[in-house]
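Visitor: Kindly produce the complete structure, drawing on both the sequences and the hints.
Quick note, the sequences are listed as chains A and B, same order.
So the first sequence is residues 1 to 388, counted in the working numbering.
So the second sequence is residues 389 to 766, counted in the working numbering.
None of these hints come from the bench; they were simulated from the model.
Treat the hints loosely; a few may be bogus.
To be verified - Listed next, the stretches of chain B that the computed footprint assigns to chain A, with coverage defined by at least 3 CB atoms under 8 Å from CB atoms of chain A:
#1 408–419
#2 432–441
#3 456–468
#4 722–728
#5 754–763
Each residue gets a CB set at the ideal place from its N, CA and C atoms; glycine is no exception.
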Amino acid sequence: MAITILPPVVEDVAPYHADSDDSMSGADSDSDVEMSGVSRPNKKARTGNGKISSGIVTPGEVITADPQWMRGHGTYMNPLSTSIIATVAGKVQQTNKLLSVHPLRARYIPEIGDLVVGRIVEVQSKRWKVDVAAPLLAQLPLSAINLPGGILRRRTSADELQIRTFFSEGDLVVAEVQSVHQDGSASLHTRSLKYGKLRNGVFLAVTGTGGSGASTSSVKGGVGSGSGSSAPAASSGSGGGVVRSRRQVWTHTTANGGGDVDIILGVNGYIWISKHADGAEAASSTTENVSITRMEEMVSSSIYSSQNDNIPPQTRREIARLTQCVRVLVQGGVRVDEDTLTDSYEASLQVDLEVGDDDEEEDYAQEGREYLEGAKARRILELAMQRK
Amino acid sequence: MSNQRQASSASQTPHLSPAELSYLYTSLSLPKSPIRPDGRSPTQFRPLTAESNILPGTNGSARIGFADGTQAIVGVKAEVEKTVLSTDTLASGEGGESTAATSGHGSWVQMSIEIPGFRDDDALPVFLSEMMRESLVGAVVEGGDGGGDVMMAGGLKGRLVINKRWHWRLYIDVLLLSQPLSYPLPLLSLTTHLALLSTKLPKLKSQGEEDPFFDDDWEVAEYLYPRGSKLKATSGLASQYVRPPVTLLVVSVGENVIFDPSREEIAVADAVLAISVTRDTEAGNLKLLSIRTIDPPSRLTQPAVPNSENVNMLGATAPTEDIAVLNPATGEEEVPGVWRPRRGGVKRSVIANMIKTVLKKGGVGEEVLEGLEGVEVE
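Guide: Here is the structure:
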C-alpha cells in the first residue's frame, strides 16, 4: 500500500489548570465568579502540595496573580499589577518561590566549548557567518581555521581572496564555540583535525530545547503517558533535542554490513551522520603511499574537500536507518544522545526481525519496510526505553 | 527577492552543501533500489492524517496533515447565480441552445489559495490555484451511459448547471496552515479532493426552467460528486463514480521515479512533474488530465570542486583519480562524488515511466484515490 491515511489524533495535553491539586477542583467548580477560568493557583493548595503542575501555558496566559511568587525566566510582569504572565509556550517550573516557564522549543544559546554543526550562510572579507540555530548568526574568522597542510602562519590577503575555497555558502562545518559575545552571538573555531567541512553523509536538524538543563518530566505524544514505557524517558527531560553530554562525536558500528558510521551530535540540534573516515584510510584514499610524517598533512588537506568518497549502498542504508532513529526519538519526545540513539538503533533492528517473522506476504514486507517513522516508531521507542 | 526565488522554483531551496547534494543524489539514483533519506520505498507516501466535514459553515471541507507537520484546510462553498447569456446566443433565438448554459463554464469554479508568507498575487499561490483549477474543470466525462452517471455528464462544470438560467458557483478556499516545508501542491490537491468528496448541495425541488427552489432538509442534500453506498464501494463498483482529480508530485532522480518527495529529495531531482489524474468512468481506470513540469531547484545549487581542482589539496591527490563517468540518465560527464547542478532535461523513457507508474492498474494513482475514498465523510 503506497499511502496510509490515519484518523486525526487529539493531542493528549492536559491543560494547566486541570492538572492542579484535587482538593481545589471542587472549590474551583462552584466558584464561577472567577473570571475566564484562567488558572489562578490556590495559595494553600500550592504550598500544601509542594509541586507545581506540569501543564502547558501559552504566551500571554496569566500564570498567577498572587503576589507571593517571584517571576523567573519566560515570564513577564505588568508594572501595574502583580500577575505573572507567561511570555513563551512551555511548562511552568517552580523553584521555591520562583516561577519560570521552560519553553517547549527554544533556540540554541551558545556556550564556550560547545561542539556545534553549522551551515555557512554568508562569506565576508575576513570571516564567515554561520547558522548554528542560535538567535544570531555565529562568526567564524579566517584566523580561526586551520590552513591546508597544517601550516602555521599569518593570514595574508591572498587567503582572503580565496576565502571561498575553504568554505563557501551552504557548506556544513563542525566547529567549537570559542567565545560568546555580549549580545549572545558566538565565535567559532575549527583549529583541530576533528573539525572542518563535512562530507560523506546526511544532515538533519532536530528542534527542542537542546542543551539547556533538566526540566519537568513528561513525554509528549508518541509513547503516550499510559503505556508505562514513558517512565524511563522522564529522567531525560522534556522535549526532544540534543543533550549536552560527554560524547557528542562517536563511531557506531552498524549491522547489515554497513560498516562504521560517524555520528556528530551538535549541541545546537544539528546532526551529521556520515561514513566513518579514519585518518589513515582517508590518506590512503587520496594517494597510494604516504610517509608517516606526511600523514597529518594529508588528513588536514582533505578537510576542505567537497568530493564524497565512494560509499557502498549498505552503508547508505544504515545511515538512513540511523537518521530515522533520530527522528523517531525526537517525535517521541526523547532526548537524543549516544545511549538513546544506540538503543533505538538496536531496537529498530529487532523490530525488523519481528516484522520479518510476522509477515508472510513478501510483497508487503518488502514494500517500504525500511520506513520506520510510521507504525514502527512506537515499537522502537518502547524497546529502546526498555533497554535502559 | 528571496521570495521571488522561492516562488519560481519548486520549493524554498534549502541551502544544501555540495557534499550533501551529491550524497543524496547518489543514494536516490542507485539503480533499481533507491535509498531515500527516510527509508521509504520509491512509491511510498508519508503517513498522513485526514478528516472531512470539519467546518460547519461550508458545503464541504477537509483537513489533511502530513507527517512533517504541514497542514491544510479546504472549505468549499456554493452559491446560486444567474447565468448570464451572451448577446450572440440571445440573438440566435430560442432554438439555439447556448453552450454555456448547458455545459457549464470554467469560471464557475473559483479557487483561492493562501500560503503563509506569500501575498495573494505572488506567483506561487496563483500558479498553484490555476494548476488545480484547470484539472478540476477540465475533467469532462463523455456521456453518462457507462455507469449510469447522468448527473456527472460534462464533468464538474456540467454538474453545476441547474437549468438554463441558473447555475451553482463554487468557491474553493485553500488554506495552508503551516510554512510550506516542501512544495505544497500534493497536500493542497489531496485536501481539495477530500473536501470536494464531502461537498453536498441542497436538493432541488423546482423543476425545469423554474427559478430554483431547494429543499430545506440538509439530510436529503446530494453529494456534489455522487457517492456509492458502502457495499458497492467494497465490491469494486466505486470505480464507476466520477471523482475529483488529484495532482501528484513526482520527481525523477537518475532513472528512478520517486513519489511524495521530501524537501531534500526535490532539491536534487532531475525533473519535477505535477501529474493530474482522475477516474475515467467508462473504462474504470485512471485518466491523465495534465502534466506540468516544475522548475527543479537543483539548477540553482552550487557545484562542488573535485579534489583534483581544489587549490587547498594541491599535491595531495593523485592525478589519475578523478575520472569522469557518463551519467546514463542525463548524458553528462561527471566525477563520482562531486555534485554538479542539473542542467535540465530528462530522457523520454524516464517521463514515460513516471506516467506509467501513476496510471497503471493497481498503480500509485489508484491507491491514492482508494485511500482518500476510505476517509469517513460522515
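Visitor: Now look at each hint and say whether the structure bears it out.
Guide: A quick look at each hint next to the structure:
no., hint, in the structure
1, 408–419, "holds (count 7)"
2, 432–441, "holds (count 8)"
3, 456–468, "violated (count 0)"
4, 722–728, "holds (count 5)"
5, 754–763, "holds (count 6)"
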